[in-house]
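Chemist: Sequence:
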Amino acid sequence: MKTILVDDELWSMLQFKDLCEDHPEIELVGEFESAADALRYAESHTVEFALLDIEMPGINGVELAKRLREQNPDVIIVFLTGHKQYLEDFINMKADYYVFKPYTREDVKDILDRVTLLSGRLKKRVRFQTLGPFLVYVDNKPFTFKREKPRELLALLVDKRGAVLTAREAMEIIWPEKDRTDTSLFRMTMARLREELKQAGIEEILKSSAKGKYLDMSLVECDLLDLLRNHQWERYNGEYMNDYSWAEETHAYLEQMYQDRFGGTYLK
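For the sequence shown, position 75 (counting from the first letter as 1) is numbered 75 according to the working numbering, and the numbering increases by one without interruption.
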């Protein structure tokens, strides 16, 4: 769990840094005395757990937490403060935990134990890989489809990133040679996809609306979302769903974003 400490009091950071060594699942990737420095780091690096002081020069801990959540809604937030008037802010922020100064070594240990348990509960069973060929993992094991078309249909749903896919849209993209007004092929393939997801015990990721089908992306991990929402551009390899020609539109979009961000195209 990639962790940052943000506190302008050196003794506080040293105490937490020392105890982090007893929790191998916590990877300390940054220590910052200012919220601005922490925010700059988080814009281009993964942050899964942030332990934040409240009162700091410039951006305070509450505002920093809000910005970190904008970049990664799943980031675990723990506040440190010596002032109880911030309690309402903790509640409004939906912080995962908070501790008041002065705190003891046991308080610190309790925080890390709680965060470790929380991280385990937040672990998502389904992971999509889109950078390269489209791959699906369930409980960290590759998931193999019985038929190709349900796999492609799932890939298209992932490409939609939680937006609704209509039957006609799917017909135009996956079966362009067919009559798009005849959606029986789409409905049959969707039924097969749902059955395969059900057999894997992950059917809850597939949702329905009056207009069509969509994925609940809050239930999955996806490298595409990590790029676009969490700015994890260190994971970009210049490829996107190589299996499907219709994915070229999103691939071009990623290339443009990479060029705008780094001033050039991705070079392998």
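In short, the hints are calculated from the structure, not lab data.
A hint or two may mislead.
Stated by the list, open to error - SDA-like, lysine to any residue: derived pairs with alpha carbons at most 25 Å apart:
#, residue 1, residue 2
1, Lys198, Ile174
2, Lys17, Ile59
3, Lys198, Leu224
4, Lys149, Lys66
5, Lys124, Ser245
6, Lys149, Glu239
7, Lys198, Arg261
8, Lys124, Glu255
9, Lys207, Pro142
10, Lys160, Ala252
11, Lys160, Glu55
12, Lys2, Phe16
13, Lys160, Cys20
14, Lys146, Gly212
15, Lys109, Arg127
16, Lys149, Asp96
17, Lys66, Ile174
18, Lys160, Ser184
19, Lys207, Ala247
20, Lys101, Lys124
21, Lys101, Glu55
22, Lys2, Leu228
23, Lys160, Asp96
No experiment lies behind these values; they were computed from the predicted model shown.
Chemist: May I ask which of the numbered hints given earlier this structure violates, with the numbers listed in increasing order?
Modeler: 4, 5, 7, 8, 11, 13, 15, 16, 17, 20 and 23
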